[in-house]
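Participant: Listed here are the chains, written in short residue letters.
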Amino acid sequence: MSVESQSLDRYSRQIRFPQLGEEGQRALLRSRVALCGCGALGTVLANHLARAGVGSIRVIDRDFIETHNLQRQILFDEQDVAENLPKAEAAARKMRAINSSITVEPVVTDLDHTNILDLVSDADLILDGTDNFETRYLINDAAVKLGKPWIYGGVIGSEGQTMTILPGETPCLRCLIETAPPPGMTPTCETAGVLGPAVAVIASFEAIEAIKLLSGHREALNKDLIMVDLWDWTFRQLKIANLLGKVDCPCCGRKNFEWLDGSMGSHTTTLCGRNAVQVAARRPEPLDFADMARRLTPLGEVRHNAFMLRFAAEGHEFTVFPDGRAIIKGTNDISKARSLYAQYVGS
Amino acid sequence: MPVVRIPTPLRPHAGGLDRIEAAGATVGEILNQVTAEHPALRERLFDGEELRRFVNVYVNNEDIRYLDDLATPVAASDEVSIIPAVAGG
Numbered sequence: 058m059s060v061e062s063q064s065l066d067r068y069s070r071q072i073r074f075p076q077l078g079e080e081g082q083r084a085l086l087r088s089r090v091a092l093c094g095c096g097a098l099g100t101v102l103a104n105h106l107a108r109a110g111v112g113s114i115r116v117i118d119r120d121f122i123e124t125h126n127l128q129r130q131i132l133f134d135e136q137d138v139a140e141n142l143p144k145a146e147a148a149a150r151k152m153r154a155i156n157s158s159i160t161v162e163p164v165v166t167d168l169d170h171t172n173i174l175d176l177v178s179d180a181d182l183i184l185d186g187t188d189n190f191e192t193r194y195l196i197n198d199a200a201v202k203l204g205k206p207w208i209y210g211g212v213i214g215s216e217g218q219t220m221t222i223l224p225g226e227t228p229c230l231r232c233l234i235e236t237a238p239p240p241g242m243t244p245t246c247e248t249a250g251v252l253g254p255a256v257a258v259i260a261s262f263e264a265i266e267a268i269k270l271l272s273g274h275r276e277a278l279n280k281d282l283i284m285v286d287l288w289d290w291t292f293r294q295l296k297i298a299n300l301l302g303k304v305d306c307p308c309c310g311r312k313n314f315e316w317l318d319g320s321m322g323s324h325t326t327t328l329c330g331r332n333a334v335q336v337a338a339r340r341p342e343p344l345d346f347a348d349m350a351r352r353l354t355p356l357g358e359v360r361h362n363a364f365m366l367r368f369a370a371e372g373h374e375f376t377v378f379p380d381g382r383a384i385i386k387g388t389n390d391i392s393k394a395r396s397l398y399a400q401y402v403g404s
Numbered sequence: 006m007p008v009v010r011i012p013t014p015l016r017p018h019a020g021g022l023d024r025i026e027a028a029g030a031t032v033g034e035i036l037n038q039v040t041a042e043h044p045a046l047r048e049r050l051f052d053g054e055e056l057r058r059f060v061n062v063y064v065n066n067e068d069i070r071y072l073d074d075l076a077t078p079v080a081a082s083d084e085v086s087i088i089p090a091v092a093g094g
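Line by line, the protein sequences give chains A and B. Going left to right, the first sequence walks through residues 58 to 404 as my numbering numbers them. Going left to right, the second sequence walks through residues 6 to 94 as my numbering numbers them.
Since the hints were made in silico from the structure, they are not lab data. Yeah, the Cβ is synthetic: ideal placement off N, Cα and C, and Gly gets one too. One thing to keep in mind: the hints can contain errors.
Residues from chain A that face chain B, not an exhaustive set, calculated with beta carbons under 8 Å [said to hold, decoys possible]:
no., residue
1, Thr187
2, Thr236
3, Arg293
4, Leu295
5, Leu300
Among chain A residues calculated to face chain B with C-beta under 8 Å, some are [said to hold, decoys possible]:
no., residue
6, Gly96
7, Asn189
8, Ile213
9, Gly214
10, Glu216
11, Glu226
12, Val304
Label pairs and their in silico Cβ distance ranges [claimed, not checked]:
no., chain 1, residue 1, chain 2, residue 2, range
13, A, Glu276, B, Ala45, 32 to 40 Å
14, B, Glu54, A, Glu315, 21 to 29 Å
15, A, Glu140, B, Glu26, 50 to 58 Å
16, B, Leu22, A, Ala277, 52 to 60 Å
17, B, Glu84, A, Leu356, 17 to 25 Å
18, B, Ala30, A, Glu80, 52 to 60 Å
19, B, Glu55, A, Lys280, 48 to 56 Å
20, A, Glu276, B, Ala28, 40 to 48 Å
Pulled out of the complex, with its shape left as it was, chain A reads as follows (with noise of 0.2 Å):
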């Protein structure tokens, strides 16, 4: 057996899948995509592909596990938790404990407007694996500068909704919803809960939709707004195609790109219903945690790794990034945050 007949051999249970065969998985072997945000639709995106033979993956994630996200991040277990590890680390170790023959780039940063196009310009497609709209909108507008495609899915609760976007030929998120609600208007997975299967079911159809997409399926690729409630039993498919053209979007209509050019969105930011806020201070060199360990360890216990340093003062547990960028917990107040920031962290 030849060292490639051998390397497709793990993929041939979807090969037989006719509309697919062993064009399209080469197909997925030669694709590049970037997952955005590695939490409960991100790990199990990132699963999906792994298995499926998607030959380079890059997991962009923020944020470190907690036990809480157990729930549903089936990709984490406790001992990632033990270890505090990101997210983005730990998905691609299991990535490439599921798939060794896969490239898997874990990226621990915020996507902003600083960086989004470095983090996605390489891929053939952007997969939605956040948690919020600010993010989107920021996807939003990266996908259409780029004419890129890139599949949205969102869950609370027991229900969810997906839509796959090609630039110029379906409609843009913004098409869709304008503006987002402000907050405190639309539930949060922290405010509303949000069940595990559910999740699942919205990011398969992202990773069925990515299938296609790779292997060179449009013609087979959802055009509606795809809305399923697995409490009540209700699965929707709402004709979005007519939007296109119809609305006045500022994304893909005007090609005002407010979340790209940086005039919307902010760096610091409180992370909705957690009681917590991220303080971005993005700094061109790491920094040093041993000696920031030293510094605080007066303050009590400081725990580090490669990937980030945590300790607590005045009630706040405060986790710190090598790039700068810190969640504060037990505050919502982001004046407090940047004082308590530039207090113990510095400016």
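Following the hints, put chain B in place on chain A, whose structure we already have.
Facilitator: Okay, now just chain B, sitting in the frame of chain A:
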């Protein structure tokens, strides 16, 4: 009578109901009647006389923005749905 489907996040503002029957010949008339009965819903859906920009309304499976917006006609057998933005993941 047409039925308005209320999405889960808005049910607390609509007396907990998931479906409300309402008389009216257009989407606007129907939503005016429903929000007259449930004033808390009005603020969530409307900014003055206009629908808020993050609120999408469908008649059956068609978005009213490519039909006739709030003037879109509604038949007795039609279903009007308010479709919320779903942010989580």
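Participant: None of the hints should be skipped; say for each whether it holds.
Facilitator: Going through the hints against the structure:
1. With 8 Å as the threshold, the beta carbon of A:Thr187 comes within range of chain B, its nearest partner Cβ sitting at about 6 Å, so the hint holds.
2. The interface hint given for A:Thr236 holds, since its Cβ lies 5 Å from the closest Cβ of chain B, which is under the 8 Å cut-off.
3. A distance limit of 8 Å between C-beta atoms decides the matter here; for A:Arg293 the minimum to chain B is near 7 Å, and the interface restraint holds.
4. For the restraint placing A:Leu295 at the interface with chain B, the shortest Cβ-Cβ distance is roughly 5 Å, inside the 8 Å limit, so the hint holds.
5. Of the supplied interface hints, the one on A:Leu300 holds, with its beta-carbon coming within about 6 Å of a beta-carbon of chain B, less than 8 Å.
6. Nearest Cβ of chain B to the Cβ of A:Gly96: about 6 Å, under the 8 Å cut. The hint holds.
7. Hint status for A:Asn189 relative to chain B: holds, with the closest Cβ pair at about 6 Å, below 8 Å.
8. For A:Ile213, the shortest C-beta to C-beta distance to chain B is roughly 4 Å, which falls under 8 Å, so the interface hint holds.
9. A cut of 8 Å between beta carbons decides the hint on A:Gly214: the least distance to chain B is about 6 Å, and the hint holds.
10. Evaluation of the A:Glu216 hint against chain B yields a held restraint, the C-beta minimum of about 7 Å falling below 8 Å.
11. Below 8 Å, beta-carbon pairs count as interface contacts, and A:Glu226 has none with chain B, the closest being about 16 Å; its hint is therefore violated.
12. Interface hint status for A:Val304: upheld, as the beta-carbon distance to the closest one in chain B is roughly 6 Å, under 8 Å.
13. The beta-carbon spacing between A:Glu276 and B:Ala45, approximately 45 Å, falls outside the hinted interval of 32 to 40 Å.
14. Between B:Glu54 and A:Glu315 the CB atoms are about 26 Å apart, so this pair conforms to the stated range of 21 to 29 Å.
15. For A:Glu140 and B:Glu26, the Cβ-Cβ distance of about 56 Å falls inside the hinted range of 50 to 58 Å, so the restraint holds.
16. Separated by about 38 Å at the C-beta atoms, B:Leu22 and A:Ala277 break the suggested range of 52 to 60 Å.
17. Checking the proposed 17 to 25 Å range against B:Glu84 and A:Leu356 shows it is violated: the Cβ atoms sit about 59 Å from each other.
18. Taking 52 to 60 Å as the suggested C-beta distance range, the pair B:Ala30 and A:Glu80 conforms, at roughly 54 Å.
19. For B:Glu55 and A:Lys280, the hinted distance range of 48 to 56 Å is not satisfied, since their beta carbons lie about 28 Å from each other.
20. For the hinted restraint 40 to 48 Å between A:Glu276 and B:Ala28, the CB-CB distance of approximately 43 Å keeps it satisfied.
In summary, the numbered hints that this structure violates are 11, 13, 16, 17, 19.
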